[in-house]
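In the order they appear, the protein sequences are chains A and B.
Be aware that the first sequence starts at 1, since it is given in our numbering, and climbs by one per residue.
Be aware that the second sequence starts at 132, since it is given in our numbering, and climbs by one per residue.
Mixed in with the good hints, there may be bad ones.
Claimed, not checked - With a Cα cut of at most 30 Å, we get these calculated DSBU-like pairs of lysine-lysine:
(1) A:K56 - B:K220
(2) B:K136 - B:K159
(3) A:K48 - A:K91
(4) B:K258 - A:K56
(5) B:K202 - A:K56
(6) A:K56 - B:K240
(7) B:K187 - B:K202
(8) B:K202 - A:K91
(9) B:K187 - B:K220
(10) B:K221 - A:K56
(11) A:K48 - B:K170
(12) A:K56 - B:K170
(13) B:K136 - A:K91
(14) B:K240 - B:K202
(15) A:K56 - A:K13
(16) B:K158 - B:K240
(17) B:K158 - B:K136
(18) B:K170 - B:K220
(19) B:K187 - B:K136
(20) B:K240 - B:K159
(21) A:K91 - B:K170
Calculated from the structure, these hints are not laboratory results.
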Amino acid sequence: MACHERMEDDSGKYERIVHKNGSSYHYLKISLEFEEDTSIRLNSAQFKQLIISSLKQLFGEIGAALPFDVLQFEENTLSAVLRVYNRDLVKVWSALTLLGSYQSEMCAFRVQQVSPFLLALCGNSRTLKLE
Amino acid sequence: MVRFKSRYLLCEISFASPNGWQHVEEKKLHRAILEAIQKAHGDFGVACCAVSFAVKYLNTYTGILLLRCRKAHYRLLWSTLAFIHQLGKKETCAITCIHVGGTIRTCQKFLIGYNRQQLLRKLPTCKSEAERTALQEAVRSCTLQELQEDVVSASEEDSN
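If we strip away everything but chain A, and leave its shape as in the complex, we get:
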């Protein structure tokens, strides 16, 4: 939903555009952490399957069918960028929170950043290094 305003002014015309629900997706930056230092490695398919199995446990077949994408996946750090629809954000996020183990190894998903815009995930004031 966009709203336009036009002001007739001496200093020049300006236009204000307000976007509500500007993006139909939400992007999550997450990483998978294992409790103990294990040598378990996942590829992107296994990673997505892990998230789907957590959704299935919590929200059933209907939850497991929620469409989401793993846009980026790094095997070394086990971190990824997910894309979900706005209406599914709460379910996917809660499924990530409640996952406890993978192949009987304790693990947890850490959600580092969530934003409706992908650009916001590239820069973060938390990771800013002040010289």
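Since the structure of chain A is provided, determine the placement of chain B on it from the hints.
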């Protein structure tokens, strides 16, 4: 004033084979529906619906089933009914919801009208003359009664 509001789903079960009816009990149905909710909606679904879930009424002759659920989560239960295709690994069945009411009384009112319609629908499918006359008698008994009440009340008014 805080009250627990519930929704009553009036459903109809139909079985693939005619012997399916012997095995149907309220407890079995209860367990089967909860298992179906676990499969379709997971732990979240079971936690939402199981709190105030009950099989309130079951009629094995007409296949009418009355389920109770919390008002906030009746749609979860309703959507699960579409996924139920067998009870206890034996009988294939299908459950359709014919009415949603807020109280048992409204469901009963609807059921009376629905049964009347079903009687009329079954009239053309009668196979024997005896069946047909019995059905016609049943239809007459549930419709004529109202007329008699009207006649009685009219005569009371006349006498008054």
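Checked hints:
no. : hint            : verdict
1   : A:K56 - B:K220  : holds, 22 Å
2   : B:K136 - B:K159 : holds, 25 Å
3   : A:K48 - A:K91   : holds, 15 Å
4   : B:K258 - A:K56  : violated, 49 Å
5   : B:K202 - A:K56  : holds, 25 Å
6   : A:K56 - B:K240  : violated, 40 Å
7   : B:K187 - B:K202 : holds, 16 Å
8   : B:K202 - A:K91  : holds, 21 Å
9   : B:K187 - B:K220 : holds, 23 Å
10  : B:K221 - A:K56  : holds, 26 Å
11  : A:K48 - B:K170  : holds, 20 Å
12  : A:K56 - B:K170  : holds, 8 Å
13  : B:K136 - A:K91  : holds, 26 Å
14  : B:K240 - B:K202 : holds, 20 Å
15  : A:K56 - A:K13   : violated, 54 Å
16  : B:K158 - B:K240 : holds, 26 Å
17  : B:K158 - B:K136 : holds, 23 Å
18  : B:K170 - B:K220 : holds, 15 Å
19  : B:K187 - B:K136 : holds, 15 Å
20  : B:K240 - B:K159 : holds, 27 Å
21  : A:K91 - B:K170  : holds, 16 Å
Hint violations for this structure: numbers 4, 6, 15, all remaining hints satisfied.
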